[in-house]
Amino acid sequence: MISRLSAITFNTFREAVRDRVLYNLIIFALLLVATAPLFSQISLGIEKLILVNAGLSAISIFGIIIAIFIGIGLVSKEIEKKTLYTILSRPVRRWEFIAGKYFGLLMTLVVNAFFMTAGFYLALLIVSRGLAMDDARLLIAIYFIILEFFIVTAVTLLFSSFSTPIFAAIFAFALFAIGTFSEDLHNFASLAHGVTKWLATGAAYLVPNFATLNVISQVAHSESISAKLVLFNTVYALLYSLTAVVIAIVIFGRRNLK
Amino acid sequence: MKTSRKLVPLAVLLLVAAFSGSVIALRGAEAARGSRATIEDVLYLPSPQAVKRLSLGYSGLLADIYWTRAVQYFGQKHLADEMNYNLLYPLLDITTDLDPHLLISYEFGSIFLSQPPPAGAGQPDKAVALLEKGIRANPDEWKLYFSLGFVNYMDRKDYKAAFLAFQRGSQTSHAHPWLKVMAATMAQRANETAMAFEIWKFLDDTTQDKLIKENAEQHMTAIVVDRTIMELERRITIYTQRTGHPPASWFDLGRESLLSGVPLDPTEKPYKLMPGGTVEVADPNSLPFITKGLPPGWRKSTKPRPSESNEQN
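These protein sequences, in sequence, are chains A and B.
For the first sequence, our numbering assigns the number -4 to the initial residue and increments by one for each residue that follows.
For the second sequence, our numbering assigns the number 8 to the initial residue and increments by one for each residue that follows.
Calculated directly from the structure, the hints in this document are not laboratory data.
Each hint should be verified, as a subset may be incorrect.
To be verified - Chain A regions said to be covered by chain B (calculated; three or more residues, Cβ under 8 Å): (1) 168 to 176; (2) 198 to 209; (3) 212 to 223; (4) 227 to 236.
Stated by the list, open to error - Beta-carbon label-pair distances, calculated as ranges: (5) B:A191 / A:A169: 22 to 32 Å; (6) A:L226 / B:M90: 53 to 63 Å; (7) B:Q83 / A:S1: 51 to 61 Å; (8) B:L20 / A:L33: 29 to 39 Å.
In this text, a Cβ means the ideal position worked out from N, Cα and C, and glycines have one as well.
Start from the sequences, fold in the hints, and give me the full structure.
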């Protein structure tokens, strides 16, 4: 089982790396990071802050775009090329296929994030003429961004397991946007009464909460992030993505592929 | 294959021509729109809440962009010596809503807002509102209390409010010890120029920014010039009382042992002794913020805008 899972994972990773869109996005993200020091020159007093905000936002935005654009094609491409039938005719279970695809894309995103982080720290080194102990705190924000990738990839895979690529992309982007407002949903739920309160509370927990995973502003201002938040965010991201992947597996398992 | 090779130079030519043409057309369009149309309209949404929601969680980055936008807006108006800075406060309000901990936008933003036009927006009340907002979000930042005291002292001439701001600031943790001294001194001699000089000097010493440093130094220079002119005019009065007529030149004061040599302003230009016994500076444009020694009816000359100077060249 492990070998089958890892074979699909590494194959998905290899395929993603070969994808030209992926390279374009990485170059674009690195360019953004590289131009941040120049951008800071037209501002006043926020040279490092602007680099941190731009760099971390670039890592997050481009990672999410990569997750969605590659994620929507993970299942449909295999069906289109008929390669899925070859894979499933071997002793590979459907859930192994979905899980392998998920881990493969996740691996791609982690590797991308690693390169973008290296570029970001290089830019930081140039702008600040050295790195401080405080800069290690930025890694927590990057870790949370990776947790965001866990959820976005899982959700995209879920949509792609039953929908066309275009609709899967629309659904995934919409859910990401709604997820950034999830705190507003919680606030709305706390103000509502009766059935509305239950519905709003349910909706607030149903959509992924990306607000809790976004600490870019805090780390940019050198605010400390509690170990409790790191722990809860990790558990939340793992369990939420597990839920989405399990639903994707159930849907894909019941799907008529003939 | 041969046909495609022949097409390459043609394609390159077409590419260059099309791109150059598009640049010329765009420049024409920009000129037709007016340079300010783009800058004033883009990036400006009136509701801070709407902007925050549209940021999709990347509010820190958007705050930086809005702050840059505010700096650019201020810089352009400042360079053109304009009297109207209507968008400055909304831009700063959005910036600080997007990132309530962006201290620099409160500190420098309040200076931009409070200074009288054309140096600033001439809106000290809005500067105070911005700083109070900053203090609500960052109650332990002594620099914000200093800025509040600064605006109240320099631009609102509300010495009691300035004293209270310095006093509140001195009670924060990590407060600069100078704040306590400033609060105590202000209670005794709030309206002396020495006090104003001290405040500008403190700002000069504690800021790293070139623009703010330059501004503080210009203000300190202006205070020195104002003081010097007052002193020179005092000596001219003494001379007039002694001799019964005003001095014809600085040397007349020298002969009465009231002065040694020709007095020079900080730009190394001699002060002008006017027939009525008053003193004027040689070039008021090079000494912004001075309140004394200005020729009657003098108005600061507007600097040519970069586009205008290019046209002249």
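Tested hints:
no., hint, result
1, 168 to 176, "holds (count 4)"
2, 198 to 209, "holds (count 3)"
3, 212 to 223, "holds (count 4)"
4, 227 to 236, "violated (count 0)"
5, B:A191 / A:A169: 22 to 32 Å, "60 Å, violated"
6, A:L226 / B:M90: 53 to 63 Å, "56 Å, holds"
7, B:Q83 / A:S1: 51 to 61 Å, "58 Å, holds"
8, B:L20 / A:L33: 29 to 39 Å, "32 Å, holds"
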